[in-house]
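Q: Residues per chain, in single letters:
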Amino acid sequence: MEGASEYQVALIVTIGTVVMLLLAGAIVLFMLFYQKKMAQEQLKLQRLELDYQQKMMLAALESQENERKRVASDLHDSIGGMLSTIRVGLTTVAKQISDPQLVEQQKQMLDDTISSVRRISRDLMPPTLEKFGLVQAVKEMCERVQSTAYIQVAFSEHGEFRTLEQNQELMIFRIIQELINNAVKHSKSSTINVVFNATDKLEVVVEDDGVGFDATALLSHHAPSSRGLGLFNIENRVRLLNARLEFDNERKAGTRITMIMPL
Amino acid sequence: MTLDLFVQIHYVQLYLSILIIILCGLYLRKRCIESKVIGLHFLFGLLPALIFLLVPLKGKEYNIPQNAHMVLQLIIISLLFYKGVMGKYKALFISVTLGFLLFGFINFFFIQKDDINTYTKTLSSVIVIFYCVIYYYRLLVDLPVLHIHQLPMFWYTMAFLMYNSGTLFLMLFASYLVEVLHNDLLIYWTFHNILDIVQNLIIVVGLWRELQNIRSRSLLPLAQ
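Chains as they are written, first to last, in the numbering used here: chain A, 56 to 318; chain B, 2 to 225.
Hints in this document: simulated from the structure, not taken from any laboratory.
On a predicted model such as this, the values are computed, not experimentally measured, just so you know.
Accuracy of the hints is not assured; some may be wrong.
[Stated by the list, open to error] Partner residues are not named here, just some residues of chain B that face chain A (Cβ under 7 Å, in silico):
| # | residue |
| --- | --- |
| 1 | Tyr137 |
| 2 | Leu141 |
| 3 | Val142 |
| 4 | Leu144 |
| 5 | Leu162 |
| 6 | Met163 |
| 7 | Ser166 |
| 8 | Gly167 |
| 9 | Leu169 |
| 10 | Phe174 |
By construction, the Cβ of each residue, glycine as well, lies at the ideal position given by its N, Cα and C atoms.
Working from the sequences, and respecting the hints, build out all of it.
A: Next up, the structure:
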């Protein structure tokens, strides 16, 4: 009897131990195979989400550009046209009254308004970009900023610039436009340089001799919502172009921002 | 099964424990907190043997430091798994540890007293298995890395799971085995020691894996 109960206990211990070891082994094997599968699924989901976000961003920017195009067209054709007609009418009236100098001030104001409308329309959708390409459009923008903001804006080009897709050129144009606008508004600079370097990649440099800003602090510590819409839009466009932005933090004065895009 | 073989296996256990302590000491500052706790666990594991050498204990009185070490062991393992799950389930870890302490105290003073506290050891095994399952569950939920064999804690958990699963029934019936099986007890205890060696070897793999991670992190700037 004693022998039988000893045998039973020994059997229970052996079977129990074997079962527990098999269970432990099964748990470890399950972990090894299932966790990898789950991690891969999660990565796949993250890529899909990123893809979706990029598509949404692209759609939003496209919609923005279409709206700008429509407004630019309306401004130029509709309002610009009406203002030009009014000017012609005013000139006719000036010829018919005894003292044409009376309407001179109004004519001048009208001329200024027509110029502003044309400028706004051009800024919203530069016709040069579509007709003559990115380089010409940027050159023209630099000349325009120089004449209106009284800042020296120099443009230089190195290497052979290859024509890109229209939407890519438009995005690069907007990035440069925003960077120049920021320099004009905030940097208190007297000179802005815009440089195109085209090799196996496209480097666009916008630098000024103004007060500068701490790009690292702004980008790392501030939430996207507090950075300002301009910088947020620049970052979005850079991401969509698969490009990257580099800020020169070693400069003692002024700002130098480089956009590098693989071709 | 002879006593000589049993003693040899015991020495292998001891040397592996010392190896683990030495490995934990290498690149100590760069090691993760879990590896440091493992080092502490094995360092304190040598304490009963040290006390046995330094203090003239006879027979059952050897069980006193051993039983105290059992309680300390679980506190360290609780800390290890608490760090492993990144500080989650704090209340659970505290309550389980306190509950175990209470049970250990009662068992030591009122139930098994100076005998080997096998009930405490069994409860300790159940708790460690429970911790291992919780850690693996968190790995599935958090998905910290694609290849979990890169995590040293994965190996430590595997080691504890294997050892405690394998010795659970042994500890549960240890009192009966000691009283009844006499000569055959060596076989069971050798099995326990072999499982301990397997545990230590898996922990060595975990420490080696962490060493590889440290080296690949330090080489990264050169590789770039």
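Q: If you test the structure against every hint from before, which numbers come out violated?
A: Hint check: 3 fails alone, others pass.
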